[in-house]
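*Asks:* Spelled out from the first residue to the last, the chains are:
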Amino acid sequence: MTSRHTVLKDLPCGIDAEIMGIDGGAGIQARLRALGLCEGKKVQKLCNVRMGGPVIIMIDRAQVAIGKRMAEKIIVRPLDAK
Amino acid sequence: MQNKGQCCDILLVGQPNVGKSVLFSKLTGIRTITSNYAGTTVSYSSGILNLGGQDYTVIDAPGTYSLEPLDDAAKVTLDLVDSAKRIINVVDSTHLERNLALTFELLAQKKPMLLALNLSDEARHKGINIDVDKLKKHLGIPVVAVSALTGEGMNSLLSIIQAVPAGAEIPVDEPSHPAHHPHIPDTKHSEEEHKGHIHLDPKNVWRKIADISSDVESFTNKRHSFTDWLDDVSLNPVWGALMAIVVLVLSFLLVRLIGENLVAAAEYLFDLLWFPVVAKLSAFLGGHGFIHSVLVGSLIDGQIDFKQSFGVLTSGLFIPFAAVLPYIVSFYFVLSILEDTGYLPRLAVFMDSIMHRVGLHGYAIIPTMLGLGCNVPGILATRVLETKEQRFITATLISIAVPCVPMQAMIIGALGHYGVWPIALVYGSLILVWFIVGFLLKYYVKEYRPELLIEIPPYRLPSLKALGTKLYMRVWEFLKDALWLVMLAILAVDILYYAGVFNYIADLTSPVVTALWGMPKDAIIPLLIGILRKDAAVGVFSSLNLDLKQLVTGIVILAMFFPCVASFSVLVKELGTKYALKSITIVLISASIAGALINFFWA
Chain A
123 MTSRHTVLKD
133 LPCGIDAEIM
143 GIDGGAGIQA
153 RLRALGLCEG
163 KKVQKLCNVR
173 MGGPVIIMID
183 RAQVAIGKRM
193 AEKIIVRPLD
203 AK
Chain B
136 MQNKGQCCDI
146 LLVGQPNVGK
156 SVLFSKLTGI
166 RTITSNYAGT
176 TVSYSSGILN
186 LGGQDYTVID
196 APGTYSLEPL
206 DDAAKVTLDL
216 VDSAKRIINV
226 VDSTHLERNL
236 ALTFELLAQK
246 KPMLLALNLS
256 DEARHKGINI
266 DVDKLKKHLG
276 IPVVAVSALT
286 GEGMNSLLSI
296 IQAVPAGAEI
306 PVDEPSHPAH
316 HPHIPDTKHS
326 EEEHKGHIHL
336 DPKNVWRKIA
346 DISSDVESFT
356 NKRHSFTDWL
366 DDVSLNPVWG
376 ALMAIVVLVL
386 SFLLVRLIGE
396 NLVAAAEYLF
406 DLLWFPVVAK
416 LSAFLGGHGF
426 IHSVLVGSLI
436 DGQIDFKQSF
446 GVLTSGLFIP
456 FAAVLPYIVS
466 FYFVLSILED
476 TGYLPRLAVF
486 MDSIMHRVGL
496 HGYAIIPTML
506 GLGCNVPGIL
516 ATRVLETKEQ
526 RFITATLISI
536 AVPCVPMQAM
546 IIGALGHYGV
556 WPIALVYGSL
566 ILVWFIVGFL
576 LKYYVKEYRP
586 ELLIEIPPYR
596 LPSLKALGTK
606 LYMRVWEFLK
616 DALWLVMLAI
626 LAVDILYYAG
636 VFNYIADLTS
646 PVVTALWGMP
656 KDAIIPLLIG
666 ILRKDAAVGV
676 FSSLNLDLKQ
686 LVTGIVILAM
696 FFPCVASFSV
706 LVKELGTKYA
716 LKSITIVLIS
726 ASIAGALINF
736 FWA
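In order, the protein sequences belong to chains A and B.
No gaps in the numbering here: position 58 of the first sequence is 180 in our numbering, and each next residue is one more.
No gaps in the numbering here: position 490 of the second sequence is 625 in our numbering, and each next residue is one more.
Think of the hints as simulated: they come from the structure by calculation, not from any bench.
Since the model is a prediction, treat every value here as computed from it, not as a measurement.
A hint or two may mislead.
Here are the computed distance ranges between Cβ atoms for each label pair [unchecked claim]:
id	chain 1	residue 1	chain 2	residue 2	range
1	B	F361	A	V129	26 to 36 Å
2	B	F570	A	T128	28 to 38 Å
3	B	I489	A	G162	29 to 39 Å
4	B	L392	A	M180	48 to 58 Å
Here are some of the chain B residues that sit facing chain A, going by a computed Cβ distance under 10 Å [claimed, not checked]:
id	residue
5	Q150
6	H230
7	I263
8	L587
Just so it is clear, CB atoms sit at the ideal spot from N, CA and C, and this is done for glycine as well.
Start from the sequences, fold in the hints, and give me the full structure.
*Replies:* This is the structure we're talking about:
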């Protein structure tokens, strides 16, 4: 299978992925980095909260909620589906 | 480094929700409010630690993920770090890797520092083992595993504090290789351009941190616990939303159940113990006259009525102790459970899409919930929000549509015997107002809106001791800050009535009060008293002989009207005069409109 880049928001739930980049300014990059989200990090997508709610991921054994529009700026590469 | 202004001998620095405040209380014996979510401490508190006959000043800095001055918490912390003699970097052992990012930024500040691995008991339960000696070698500073909650490891922490001299370089335990000395090799900064502008190459530092944590951490498998199960349910897209509703409804019912019973008990005690005393006083004073109307108030059908007499010694004590205090206890008991279990951030997640409609994101629900207790801490807690615009919207909405517990207790007392629907009407109107005003503010404040980005802390079983401390502090704050204001408000009513000042004001404002809001002209009095205390003001409303429509209209206007003096001063302090005045203008206009609408639509 060829690896396909997508954004965290569109990644299916329960899938592990690697962060390939963050499409945003220095402010957003820094806020995300503070919670451990930066290029090369592996995350697991847990779910999208309904009605345009945030995306919930697992990173470094911590759950992090990321607003929908911010999650659209995080480019990820899905790793093998379970 | 030495000749700068000094903040303290010991500065506690760490990321949000790592338990700095619990450690601070343990060190200084000063009670602080602690919870299980990021941003409980929005300003810093200081205290004294006495160690071997020597006093050390200790400061608990607000939590910050990074020293990069992105928000106020980071800026405050950076200034404190600059002038501190020693730093204790408090670290969450269950999230070592992420916490070390801040540690490295602190190391670059070259201050005497030690690392406290807090929450070590929780890490152990989760099957996370940290090799303290290895970590010490990697970082080149003293490291000690503690649990501030249970007191584990505190003795070794104290002895290390004594061993770390102020202002000097730290005694270093032979770093494993020179590269791991506090001076981070990957930095491209010169000594002079520090103070927050340390240009670490983030990627290299991150790699180094990942290497260190994989070297010192080891994991043993743990069983799936009840809190894990709860975690799955509360973040599940379907069940989570349902659970949010169930939790809120249950919380509300629990607050009412405890509150009602405590009110009944307090009323019983007042009738049994205090009534005979004030009855004697009333008889002694002859049942009328200026002194009588100030101390005892007016007699209702020849009898003292604690709810309506409005004397300083009758209603002035009854309102704070028998009507309000019971609900303060029950509300904060339930809120503390929600705070300490870690439910509030989960609520923020589920409220996110709703809060976006009013120009905010989900985390704004936390100041709003605190505002339901008292608007003052609610407005202070808006500091957790990133931008001035968000703080303005949240604080304005709290001022308009979030009634505090003392006021709610009095509302329930005033409307309870009419059944549930008048109370539902008041709350329904306020919720509607909250949405409409928020929706309008969103378009008025056209700014970049930050998105929700929060860590969801693990569920924790609340510690009974922490719950008790927090409840005690909040009850004490109410008694200390509010009791005299309630009595002052009642004194003001008595004196101004007696002097006939109110008649003059009532005539002046009657066009608005009578024509627009459909209430007798006297209804301006509680609205003005509301500036001192809104609970006392509701009491005045119930003594005015209004019909139900007028009572509901009056209470909704009062809830929305000019904030009480305590909230107003915090509003000015937090938003600045210009924004506070904008906020007040919006408050007054919406209160007037809402009053008029209820008056015209209630057939």
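*Asks:* When the nearest CB of chain A is found for H230/B, is that gap smaller than 10 Å?
*Replies:* Given a least distance of 5 Å, the restraint on H230/B holds.
*Asks:* State, for the Cβ atoms of F361/B and V129/A, whether the hinted interval 26 to 36 Å holds or is violated.
*Replies:* With Cβ atoms ~35 Å apart, the hint holds.
*Asks:* Take the C-beta atom of I489/B and the C-beta atom of G162/A, compute their distance, and say whether it sits inside 29 to 39 Å.
*Replies:* Once the Cβ atoms are compared, 35 Å apart, the range 29 to 39 Å for G162/A and I489/B holds.
*Asks:* Does Q150/B meet its interface restraint, that is, does its C-beta lie within less than 10 Å of any C-beta in chain A?
*Replies:* For Q150/B, the interface hint holds, since the closest Cβ of chain A sits about 8 Å away, which is under 10 Å.
*Asks:* Does the Cβ pair L392/B, M180/A satisfy 48 to 58 Å?
*Replies:* At roughly 37 Å between Cβ atoms, M180/A and L392/B fall outside 48 to 58 Å, so the hint is violated.
*Asks:* Between F570/B and T128/A, does the beta-carbon spacing fit 28 to 38 Å?
*Replies:* holds, 35 Å
*Asks:* So, L587/B near chain A? Judge it on the closest CB pair being under 10 Å.
*Replies:* OK, holds: L587/B within 10 Å of chain A, min 4 Å.
*Asks:* With a cut-off of 10 Å on the beta carbons, see whether I263/B makes it to chain A.
*Replies:* It holds, given that the least Cβ distance between I263/B and chain A is near 8 Å, below 10 Å.
Violation of the numbered hints given earlier is confined to hint 4; every other hint is satisfied by the structure.
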